[in-house]
Amino acid sequence: MRVLVVIGVVLLLAGAASADNGKQLFGQYCAKCHGPDAQGQISRSGRGPSMQGVGALAADFYLRTGYMPLQKNGIQPRRTRLLLTQSQIDALVRYVASLGHGPAVPRPHPERGNVSAGMALFRSRCAGCHQIVGQGGYVTDAVPPALGDATPTQIAEAVRLGPYVMPAFTTRALSNRQLDSIIRYVRYAQHPDNRGGWALGNIGPIPEGLVSWFIAGSALLATCLLIGRRIHG
Amino acid sequence: MARHKPDRVVPEGDRNMGAETAAILLLLLAALLCAAFVVVYAVDRIPDQTQFLGLALGLALVCFAAALIVTARRLIVTEELVEEYPPEVHAGEVDLIASAAEEAGSRLSRRRLFKLALLAAGGGLGTAVITPAASFGPLLRVKDYFGTPWTRGRRLVDEDGRPYSASDIEEKDFYTAFAEGVDKEELGSSLVLVRLPKTSLKLPPELQGYDADGIVAYSKICTHAGCAIAMYRVPTFPPDEPHPALVCPCHYSTFDPSTGGTVTFGPAGRPLPMLPLTIDGKGHLRAKGNFNEAVGPSWWGVRNRKPESP
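Chains as they are written, first to last, in this note's numbering: chain A, 10 to 242; chain B, 21 to 330.
Isolated chain A, as found in the complex:
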């Protein structure tokens, strides 16, 4: 019993220490925009939303994709090389989660999803911006990212969060089961079954057709030239 108590105290202290560490890291990397107490601010020195109640989900997504820390205000966050180590991110996520009752990091189960149902959902809810194979695209004043490097957890987080100008989907709009199907489809689209052999970046039938015509057209032209030369020569 005493051993258990000791272990419990040690764990609590360790937890407090890492949250402390998280607070320190927050001051170092995040406070300039999100404010010293993570309450958010809109000032000349920096502008950023409040972290109260955003939960582990948001912190986990923005830090593990490299979206944050942002280079400067007003630009679209993009997937970049991670500036922080995994343990630093863990500490920061715990600190942000401790600020309020926000959503936890989701645990999606893409293996329970259905690829074709996922594709139908992706087509109606996501493909407008991200394109049907998740190659990303454009929307006025923003760039919907390609989903090639997105992990299942990050996809689930992005769907619930709606980072930058993306819509956010609650569990009412998109159940966890539907989300599993979407993730399964995105994973499929990352490594699709290329029956033709040469994928050409999966950018669609028109560019693929153009490439075929280009190759076949060149071959035909070369043949014509050859025949012409032989007739004249």
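Treat the hints with care, as some may be off.
Stated by the list, open to error - 16 Å max Cα-Cα, derived EDC-like pairs, lysine to aspartate or glutamate:
1. 222(B) - 276(B)
2. 81(A) - 261(B)
3. 302(B) - 188(B)
4. 81(A) - 260(B)
Claimed, not checked - Just so you have them, the derived chain B footprint on chain A, three or more residues with Cβ under 8 Å:
5. 177–186
6. 200–206
Calculated from the structure, these hints are not laboratory results.
The model shown is predicted, which means the values in this text are computed figures rather than measured ones.
Here a beta-carbon is modelled for each residue, glycine too, at the ideal position from N, C-alpha and C.
Assemble chain B onto chain A, guided by the hints.
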């Protein structure tokens, strides 16, 4: 009576056994490759099946072509004949006919009037001939383009026909809605629904009251070229991110849902038509009337009439 055997037209060439064998072998090879194509097609377990199918058929065509080339160049007897053009015998008569045609009209005194009358008759005939083409479609009957299925009280339903409740519509999400009991393919049926914070709504005076508790409904058909408005841009942190916008993926026409669908970017020439909404006793969303403007891609007369209910 023995039938008279006509003389040969083409001279008898030498036999070329080598070329004949080659052509026959190539033809047989082509047949074999075609059989291989059928086999690869039938056996599903073969890896890289698509590539082998292409290879088999491609090689079969190459062999067939090679056989035809060998046949044409080595086996068919060739003969070259030269025939001279006949000398030009009617050189003067051409000029004669030209001047005859010129002088034949000398009896006409009102030449210009005659030409005009000729033109009128020709034009009239041409018009008469193409007039029945009007039966092909509503070239001049544009009334159909102004019809929409929306009437006061018609409910908004989702893709599966379930009615939307106002409480279903959440901020930062976007929804596609259709007119209840109407073909979803109908141009005026589909809507895009979003909920905006009521404080951010800045509807112009003529569109006041079109929203229902911050929910706004616009035609999903872009006013530029008629694509579906499939993108909704909605900021997470509004002070630093682009304003909410409905965007068409075809040519990036961008519409502001908070100001009545006005165009903020792109080639669209007029705002998205807005449908007035109301919430009934059960909380369901219903139309309060028809769109403020005609639905669909723009054309010369699109602003002339208001949309018409069935």
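To see whether the hints hold, each was checked on the structure:
{"no.": "1", "hint": "222(B) - 276(B)", "result": "holds, 10 Å"}
{"no.": "2", "hint": "81(A) - 261(B)", "result": "holds, 13 Å"}
{"no.": "3", "hint": "302(B) - 188(B)", "result": "holds, 13 Å"}
{"no.": "4", "hint": "81(A) - 260(B)", "result": "holds, 11 Å"}
{"no.": "5", "hint": "177–186", "result": "holds (count 5)"}
{"no.": "6", "hint": "200–206", "result": "holds (count 3)"}
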